[in-house]
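Can you build the whole structure from these sequences, using the hints too?
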Amino acid sequence: MITPTVHVVDDDESYVRASARVLSSAGFVVRAFTSGKEFLAAAGPDSRGCVVADLEMPGLDGLALQAEMVRAGVLMPVVFLSGHGDIPRTVRAMQEGAVDFVEKTAPKHKLLDAVRRALARDVSESDRRLKAAAVRERLASLTPREHEVLGEVVRGLLNKQVAAKLGISERTVKMHRTSITRKLGVHSTARLAVLTREAGLFEAG
Amino acid sequence: MGKLSLVTVLWSTVAAATLLLGFLHLLRWMADRRARADLAFMVTALGFAGVAFTELWAMHATTPEEWGLAVRWCHPPIFLLTVGIVAFVHFHLGTGRAWLAWTTVGARGVILVWNFVAWPNFNFERIDSIASLSFLGEPVTVVAAAVTSRWQFLGTIASLLLAIYVLDASVRLWRTGGREQRDRAALIGGSMLLFVLVASAYAQLVIFGLMRVPILITPPFLLPLGAMCFEMSRDLLRVGRLTRELRDNQRRLEMAAGAAELGLWEWDGRANRVWATHQARAIFNLAEEDQGDFRHWLERVHPDDRARLVQEMRRALDSGDECAVEFRILAGGAAPRIVLARGRAEPAGPEQPAQVRGVLRDITAQRSAQDETQELRRELAHSGRVWLLSQLTSSLAHEISQPLGAILRNAEAAGMMLETAQPDHEELKAIVADILRDDRRAREVIDRLRSMLKRRAGEHTPVPVDGLLQDVLALVGADAASRGVWIEHVASPHLPPVPGDRVALTQVLLNLALNAMDAVADRPADQRRVLLKAETGREGGVDLCVSDNGQGIPAGLERRIFEPFYTTKSSGMGLGLAISRGIAESHGGTLTCENNGQGGAVFRLFLPAPRETSP
Chain D
1 MITPTVHVVD DDESYVRASA RVLSSAGFVV RAFTSGKEFL AAAGPDSRGC
51 VVADLEMPGL DGLALQAEMV RAGVLMPVVF LSGHGDIPRT VRAMQEGAVD
101 FVEKTAPKHK LLDAVRRALA RDVSESDRRL KAAAVRERLA SLTPREHEVL
151 GEVVRGLLNK QVAAKLGISE RTVKMHRTSI TRKLGVHSTA RLAVLTREAG
201 LFEAG
Chain H
206 MGKLSLVTVL WSTVAAATLL LGFLHLLRWM ADRRARADLA FMVTALGFAG
256 VAFTELWAMH ATTPEEWGLA VRWCHPPIFL LTVGIVAFVH FHLGTGRAWL
306 AWTTVGARGV ILVWNFVAWP NFNFERIDSI ASLSFLGEPV TVVAAAVTSR
356 WQFLGTIASL LLAIYVLDAS VRLWRTGGRE QRDRAALIGG SMLLFVLVAS
406 AYAQLVIFGL MRVPILITPP FLLPLGAMCF EMSRDLLRVG RLTRELRDNQ
456 RRLEMAAGAA ELGLWEWDGR ANRVWATHQA RAIFNLAEED QGDFRHWLER
506 VHPDDRARLV QEMRRALDSG DECAVEFRIL AGGAAPRIVL ARGRAEPAGP
556 EQPAQVRGVL RDITAQRSAQ DETQELRREL AHSGRVWLLS QLTSSLAHEI
606 SQPLGAILRN AEAAGMMLET AQPDHEELKA IVADILRDDR RAREVIDRLR
656 SMLKRRAGEH TPVPVDGLLQ DVLALVGADA ASRGVWIEHV ASPHLPPVPG
706 DRVALTQVLL NLALNAMDAV ADRPADQRRV LLKAETGREG GVDLCVSDNG
756 QGIPAGLERR IFEPFYTTKS SGMGLGLAIS RGIAESHGGT LTCENNGQGG
806 AVFRLFLPAP RETSP
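Just so you know, the protein sequences line up as chains D and H, in that order.
Just so you know, we're using our numbering here: the first sequence kicks off at 1 and counts up by one.
Just so you know, we're using our numbering here: the second sequence kicks off at 206 and counts up by one.
Source of the hints: derived by calculation from the structure; they are not laboratory data.
Do not take every clue at face value.
Some residues of chain H that are not near chain D, with every Cβ distance over 12 Å (derived) [to be verified]:
id : residue
1  : W234
2  : M437
3  : Q607
4  : D643
5  : R653
6  : S791
Residues from chain H shown here face chain D by an in silico Cβ test under 10 Å; the list is partial [unchecked claim]:
id : residue
7  : I362
8  : L609
9  : A611
10 : R642
11 : P701
12 : G757
Glycine included, C-beta positions come from ideal geometry on N, C-alpha and C.
Written out as structure tokens, the structure is:
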């Protein structure tokens, strides 16, 4: 497993170095970058941990970096550093899914708390993402007809209703359900519903 | 004579009618002294009446001596008649030749004198007998046998001169003039000429004994008399028409003035009286019956503005110039109205009284709109500065938070490291070095900002002190007037020009003047005083003082008010005095303040004298 790392991104070399010192002293694994580009080149979808990024940087600023990360599939939580309270930017960053804000001149415990929260969130998020990936893999083995039947079942229809809706016999429905249970290893309808939700399936219906 | 004489009645009637007409012309002349033709006609009428009387006398003479006496006394009125006709033609037609006029009058004068030297009169050497003749059905006296004077031809020449004079004037008028002039030439000139010709020809015939009839000058005079009556009635008609036109014009003018909300006024400087239209009285809140006395009008003017108004009007009157005064009018309990009076003087001529005529306009609304605009502009300028400052602050915050944040983190890291069992000394050294470097960075940011805030010193040139004061007065003049502040300035003579940046120094004085005006705002309107003074300072430098009679500076604040962002005003930024002091110091001078004797404050900008030896 990859070690969770705190990625510090700030154009101010001195600040990056000082922050890295604090975070290292607090026991985190730290990697420092002096630009968003440099960070994006080093990180990938497999990178774990969190990003501590300056909101205001020449070239790629904090918000742009966040957008680039999403595009590249780098899904670590971001803690933004801001020089001063800048409400419109803050709101935008929140909407884009930033975890936290820390003022550059705030005492260290605020920074450390924010980093801890971000790391915890990264763990739970990546956990959830792994599970969902596993479920999606299993769901992929279903035939199109089984997939259809599953959708109706998850929505709460009885076998008889599913049969009527899809224009097949109740017996055939039961056959498909047996196959689904076998492939997914789940028996109850409730469990099936939870599973599909975790995989992000049928949510629009 | 028992029965009524027709001749007496006729002659008397004609004489009376002529006198009446003459009297009317006299009245007209008295109303308008420039109408000298009217006076001349009065003289003519008098002369004619005299002639008629002597004629009547002659016609009723009972002895040759009496007849001769009557003819003798006929001459003074004839002289009067001649003078009257000459003068009338001269003034009424305006084309008579002066030398001809004087010759005619002179000849007649000579004859008049001669007449009273000779016996029985000028015309005759001897009158032997008289006869009676029936004239208009009654007996009248005529001369029967007489010897005509040898010099009678002089009388003929005098009559001819008069005829030539009238003819010449009429012809000249006819030639030069338009239709109206031609009418006048034909009517007045023609009738006068005809009268002179007929009357003198007839008289000559009698005098030379060619006709045995009474001397009759009166009947032909009916010709010019009729012409004058006609002319006068035409004048009356014209007066009526002009009066109507005048009234129409006045109505039009008042309508136009009313539409433009202009009041019309006229001030007679000698009688100190005012004529004004309804609109003008309305602007002054004056009732119809109040108009007239200038003092009534002045009472409505704000006491502070009265002296200025009168002074300006007098100035216009004396110089014959135009004037424009803005003043306030008391409106009972309401806020005073602001009024603009514009006028032009009609200088005192020999007959015309001195007057100033003009228009009056209530400009309160306009002025308050202007004031609002100015206020808005001030606010905009202020908010502009605030905005600039907030931008500066924002950039300052970002720039400074970098090194400060780094220093904090490094210190924290150092603290954490020192808590470990074996601190890494090399790392700690690196941290301290980083901290020192970031501290320097922070200082650089602050220095940069400071230099940005500080005005870059402009070109230093010799600035004339009085010019500097004039610049400031020009800038604050309008503002001061609208705020009711009286600004004075005094400059000692022979002050040396001060080396400096004229714009920056103006800004300092402007700032001080505006502060002073703010300081006196709470005082009554007639007691708001600000004085700009330039005098010799220490070591040959110049002191520029701005003093006011406001509240003064509270004790203990003399130093604080120069600190940036310190302000006592709700709308102030607290930068004015700080920047001003900065400018003073960049000129090698000082800016200080103290309270003056009158309870107000005095700010002293000291600028040193230019150094004689410049490196």
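So, going through the hints one by one against the coordinates:
no., hint, verdict
1, W234, "holds, 93 Å"
2, M437, "holds, 95 Å"
3, Q607, "violated, 5 Å"
4, D643, "violated, 6 Å"
5, R653, "holds, 16 Å"
6, S791, "holds, 32 Å"
7, I362, "violated, 117 Å"
8, L609, "holds, 5 Å"
9, A611, "holds, 4 Å"
10, R642, "holds, 7 Å"
11, P701, "violated, 51 Å"
12, G757, "violated, 40 Å"
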